[in-house]
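Line order of the protein sequences matches chains A and B. In terms of my numbering, the first sequence opens at residue 1 and continues consecutively. In terms of my numbering, the second sequence opens at residue 1001 and continues consecutively.
No lab work stands behind these hints, which were simulated from the structure alone. A couple of the hints might just be wrong.
[Unchecked claim] The following label-pair restraints were derived from C-beta to C-beta distances: (1) A:P61 <-> B:G1163: 40 to 46 Å; (2) B:F1041 <-> A:S110: 22 to 28 Å; (3) A:T112 <-> B:S1131: 26 to 32 Å; (4) A:R92 <-> B:I1153: 46 to 52 Å; (5) A:G54 <-> B:P1003: 28 to 34 Å; (6) B:S1179 <-> A:L14: 18 to 24 Å.
Note that beta-carbon positions come from the ideal geometry of N, C-alpha and C, so glycine has one too.
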Amino acid sequence: MSPISKQVNWSPYLVGAGIGVLSWVVFVVVANPIGITTAISQVAGGVAGMAVGGEAVTQNPYWAKHPMKLDYGTLFLVGTFIGALLSALASRSFRIETVPSVWQERFGPSVTRRMVVAFIGGALAMYGARMAGGCTSGNGISQGLQLAVVGWTFLVVMFASGLVTAWLLFRPRN
Amino acid sequence: MFPITGNAALILAVVFGAAFGWLLHRGRVLDYNVIINQFRFRDFTVLKVMFTAIVVGGIGVLALVHLGAAKFHVRDANMLATIIGAAIFGVGMVLYGYCPGTGVAAIATGKLHALVGAVGMIFGAMLYAASFAWVNSHILSVWKLGKVTLAGISGLPHAVLLGLLAAAAIALFVTVERSGVERR
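Okay, chain A solo, but in the shape it has when bound:
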């Protein structure tokens, strides 16, 4: 057996329990539940500021509430990236991937096709997450574990919508 720091396929139950315990810690220590998309929209505000000027961004009613700054949420997002990078490096599993195999089996090896759909999917996921008030992390896990109605509504509708989409994309064809 190789040491656990080098194994990539930890039990999903162990990983889930780890995220659960991490939730205990963040609720107590920083009173700030795990979440991702508020920080991404703050970053988007920073990018928009470079494109159209900071004044236009601060006048936007949404970004006025969520200005770009290095606060807890944006640094948690940075940390998420760093943690995944450290894990990939420690386990020597960093691999450049442009077209994943399940996609390729269905849609072929075209890089452009995969990238265009990833871009559209990312845009839709982010738009939907902001309207719903959070993503799989902030809404699904952090609100879900508090039994919040917003979290469970999100989980059920998101999963149903994803199932239909996956069926339309990957259904057997003659």
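Add chain B to chain A, keeping to what the hints say.
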């Protein structure tokens, strides 16, 4: 002593975020194939991770709240916005192959399509900010329930609901592991 604020909290943000990113990678949920195959019922890793996190997290946080060590952070249930947003999110997540957190983390493991999708996420966030005034008055304002929980609307105790949820999660896990559906 808690909660910690100020610069110390900013350092902790990176540490806690790194723990989250590390766990996501080791749980294999930074793999497009694993996430997509959950929605095709060929791989249940995503549900195992999420349900375990919710049950373990939920029991601990409830206990900590009762001990006075933590507070709940329940957000408003703006039902129309949550339903429409989650429906759009589900389409986007399956097209992208990632949710926002796993997408950002997957970039760090070399997934270039996750990076392109993250640029899409920045674009989506800009669209949301641009449309926020309209969304706020026409969608966010409809069917607002406030900071409600399943315990509050059902009248059942929070701990009982968590127990039922834990039982449902275990039943699902046992069914999945016995069915051999993941080994086909």
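Each hint tested on the structure:
1. For P61 of chain A and G1163 of chain B, the Cβ-Cβ distance of about 42 Å falls inside the hinted range of 40 to 46 Å, so the restraint holds.
2. Checked against the hint of 22 to 28 Å, the pair F1041 of chain B and S110 of chain A passes, with Cβ atoms roughly 27 Å apart.
3. At roughly 28 Å, the beta-carbon separation of T112 of chain A and S1131 of chain B lies within the given 26 to 32 Å, and the hint holds.
4. Roughly 49 Å separates the CB atoms of R92 of chain A and I1153 of chain B, a value that falls within the hinted 46 to 52 Å.
5. Remark: the range hint 28 to 34 Å for G54 of chain A to P1003 of chain B is upheld by a beta-carbon distance near 31 Å.
6. The hinted range of 18 to 24 Å is satisfied by S1179 of chain B and L14 of chain A, whose Cβ atoms lie roughly 21 Å apart.
The structure meets every hint from the earlier list without exception.
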